[in-house]
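Given the structure of chain X, go ahead and fit chain E onto it with the hints provided.
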Amino acid sequence: MTETQHGRTQGRAIDHDDEVVVIVGSGAGGGTVAYELTARGIPCVVLEAGPFLRPEDYENDEWAAFNQMAWLDNRTASGPFRVARDFANLPAWVVKAVGGTTTHWAGATPRFRDYEFKARSHYGRVDGANLLDWPIDLADLAPYYDRAEKAIGSSHRHGRPPMPANNNYKVFANGAEKVGYRFYATGPYGTNAEPYDGRPGSIQDGFNFQGDKQTSKWSTAVREIPRALETGLCDLRPESQAVQVTHDATGRADAVVYLDKDGNLHRQAAKAVCVAGNSIESPRLLLMSASSLHPDGLANSSGQVGRNYMRHTTGSVYARFDEPVRMYRGETMAGIIADEARLDTSRGFAGGYYFETLSLGPAFLAAFVEPGSWGPEFTGLLDAYANTAGLWIVGEDMPQEDNRVTLNAGLLDQWGLPAPDVHFADHPNDIAMREHAYSRADLLYEAVGSTGTHHTPPYPATHNLGTCRMSERPEDGVVDRWGEAHDVPGLYVSDGSVMTTGAAANPTLTIVALAIRQAEHIAEQLGGSGS
Amino acid sequence: MADTGEEPTVSDTARAALIRLLRAAYPHATFPDGPYERTADEIIGQLDESLWHRLTLTQGLESLDAAAGGDFAALDDETALKVLRKMEHAEFFTFVRGVAVVSLYNDHEVWELLGYEGASYDQGGYIDRGFDDLDWLPNPRVEEYDGPERLVEVSPEDELSTTGGTSR
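Going line by line, the protein sequences match chains X and E.
The opening residue of the first sequence carries number 1 in my numbering; numbering runs sequentially from there.
The opening residue of the second sequence carries number 1001 in my numbering; numbering runs sequentially from there.
Isolated chain E (complex conformation):
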C-alpha cells in the first residue's frame, strides 16, 4: 500500500454507501454490521492496488447516490437491490464483488453465524466431535456391495460386436 497512515482513504459517506451496498448485495438476516464493515474496509484497503481501482471505485461509489436519486445509504434492502441490479456489470461493482465474496465469507464471525467450525486439527479433528452425528437418517453401509447384482460395465447394445459407437 502506498498509504502512510491509518486514515480512511474514502469519505465517511462513501464508506457508508459501500457498507449499504454490501448488505444489499449479500443480504443475510443473521449478520450484524461487523462483517460488512470489515469487508468494506478490506475493499477500501485495496484501493491503491492500482490507479484504475481507485478511479473506478471512487467514481462508482459516488454514482450510487445519483443512481438512487438521493441517499443510497438510506434505501431499504429491496430498493437498494433494484439499484444494484442496474449496475451489476459496471467495473466498480465487479471489483467490489470480487473482493467481497472472498472477504465476507472468510470472516470468522460469518463462519460461526453460518454454522461452520473451521480448523479442528488442534482439537483432535472431528472424530470425537460429531463427524458422524447426523441422526435423522439410518446408518448406511460403508463396505462395497457384495450382493447378487453385478455392475454391467458395458451394456449389451454397446458391446464391440454390435456397435459402431454413438452417432452424435
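This is chain X alone, in the form it adopts within the complex:
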C-alpha cells in the first residue's frame, strides 16, 4: 500500500509527509474547522474513526441505526451515577461516522447566556464543584454565533421561519402557557422548515437520532465535509483511528499517528493538529500521547486533561393522556421552553435548564424509560404509548474534578489500545435542579390533563463536555482562549471538551461557533492562504 493509496481517501490525496493541518474527528468541531480552513486555502487531512455514511444509508429504525452508527468500541462507565449500573459499557451515546455526533443530534440551538461564561463569579464557591470563568464571554462569541446559526440554518434566526407545531409540541406548548411560561417556541432548531442552503424542508418523518435521510437537518456530513472536499484541499480519511499526537524536540505538535481500517499504522505530518473526537476520545488521545516532555499525557501539566467531565443535568418526563398524542410523528425536538434557563438560586440550585420536546419509539422507550424495570408497572408505560407526550430536561451540571475520563488499563479496544473509563457522580446541585425540573414538568402536563407522568433517569450522555477545558491560566485548564493547548504550540482542541462550564444550552451551536472562531485564528497564525 503506497502513501496515497489509502483506498479510503475521499477528496484530494495529501502525502503523509506534507505538513498540513491534521484534524482528528469530523463532527461539529472537526468538520467545521475543516471547512473553514480549506475555504481559506489551507489544506487539511481529516482523520475520522467511523465510516462515511450517506443519507441513503441511514436506517429509520432505532436499533438498526444505533448498531449502524453509535460509538460501540469498548468503554466503561464507573461511579455512582445510574448509567454505570444500567449501561456499564455505554456511558455516552455518540456517533462513530463522518459527521460525528451531528449525524444524530436533535437540533436545538440556543445560545449560552452571558452569565454562563462567568459561572465561578456568579455561583461563587460551590462545595465540590471545580468552577471557573471562561476566558471569553458572550460578546467575544456573538459574531460567531451569528455565523454558526446561518451555517446550521437555525429556525427563528436570521429570517429562517419556525417549524410548524407537531403533536408533541401542541401538548408541550399548551402546558407551558397554562403554567405561565412565556419563552417557548418550536426553536431555534437546526432543521429546515423550508428549503435552505441547498437542502430541502422537513417532511416530519420522525427520525432524527438515526440520521436525517431527507437532509433537512444540518450536520457536518451534509454541509461542511462535502464543501471541504469540493475545495480540493481536504483529504478525508474515514475509518482512521488516531492513536497519538506527537511533538518535535521544541515541543511543537508535529504529527498524528493513526490506524487505518486494516490496522496499519501511519504517521501524518502536521503543522497544526486539531483534536475533535468529542469529550471522551479527545482526552483519551491526549492521555495516550504521553511523552518524555509530557509524562502525564500530552498538554496535561495542569492535571486537568480528562477532568471536569460534564454530561448536562438531564432527565425525561413522559406523560399519559386520555387522548391520542402520537409524539413520534414529526420533528423530535422542535419545541423549547427557556423560562427556567436563568440564574435564580431561590429555586435551590445554581444555573438553569431548558425543557425540550422529545420522543422515542417503543423500542428505545422500552430500553430507556426505566432501565431494568419489568412487570405491570413497566408494561403500563408502553401500553400508553400512543397517548404519551415526552420532554427532555437539559441543564447546567457542575464541573467536578473527580468526574473524569481515564485510560482503563484493564480493558483494551479492538486495536489493543486502552479503553476509556468515564467516572461520574451527580453533584447535589445537579440533583436539586433535576428534581425541580421533574416537578415543573409534572405541573406542565397536569395543566393539560395528564393522567400520570413518569420520571425517566438520564440516558447515556449525548452531551459530553469539559475534559480539556479552556482557561486563562495554564494551571487551571488545558487550552487557552483559542482552544490551543497551553503546553503544546500547534495543538488545538476543537470540540466540546474545551467548555470551561457547560451552561444550560445544547452544546452543538456553541461548538460550531467556537470552531469557526478557532479556524479564523489558526488561519491567521498560519499566514493566510496556507502552504
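Note that these hints are calculated values from the structure, not bench results.
Treat the hints with caution; some may be incorrect.
[What the hints assert, rightly or not] These stretches of chain E come out as covered by chain X in the derived footprint (C-beta under 8 Å, 3 or more residues):
#	region
1	1019–1027
2	1104–1115
3	1127–1141
Note that the Cβ used here is the ideal one computed from N, Cα and C, for glycine as well.
Relative to chain X, chain E alone:
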C-alpha cells in the same frame, strides 16, 4: 452460532416455560402469543453466545418449575409474577430481561399493537399524514414570545455585586 441445524436447543417444556415467563414479566393484554414466542426464540437463539449463557439459562429455566412448586407454565399471571419477583436478581433473569426488552419491543407486530407507525420516509414522512392532527388542544404559538415580559437571566439577588454565590 455454533448450531448446525434448525432444531430448538432447549426442550419444548423449557421453551413453554420461557414464553410463560415473558408473558408474566411483560404483560400486555392486547398482545397475542406471536411476539412472546418470537422473543423466546430470540433468547434461545442467543444461548450459544457463551457457555455461561447456556449454563445460566438452562439451569434458570429448569428452576422455574421448582420455584412454582409444580408446572410454572400453568400458573396464572399473578402467581407467575410473584414467583418471578423472588428471582429477579438471578443472573438468568437478568439475561432474559436484557434480550426481551430489546427484542419484544422491536417486534413490528408489537409496534402496531402499541400504535407506533415507524419509518415514514418512503411515504413522504408524516407531513401530510397526521404530524399535527392532535385536535383536543388549541393550536399553540410556534414563534418566540414577543410580548412585554422580559426573561430575567440573572435574578437581582444573584447579581455579581450582591452574591457570593450559593452556600451549598
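These are the hints, each one checked on the structure:
1. For a cut-off of 8 Å, the count of residues in the region 1019–1027 of chain E with a CB near a CB of chain X stands at 3, and the three-residue condition holds.
2. Counting residues of the region 1104–1115 of chain E whose CB lies closer than 8 Å to any CB of chain X gives 7, which reaches the minimum of 3, so the coverage claim holds.
3. Counting residues of the region 1127–1141 of chain E whose C-beta lies closer than 8 Å to any C-beta of chain X gives 13; at least three are required, and the coverage claim holds.
Checked against the numbered hints given earlier, this structure breaks none of them.
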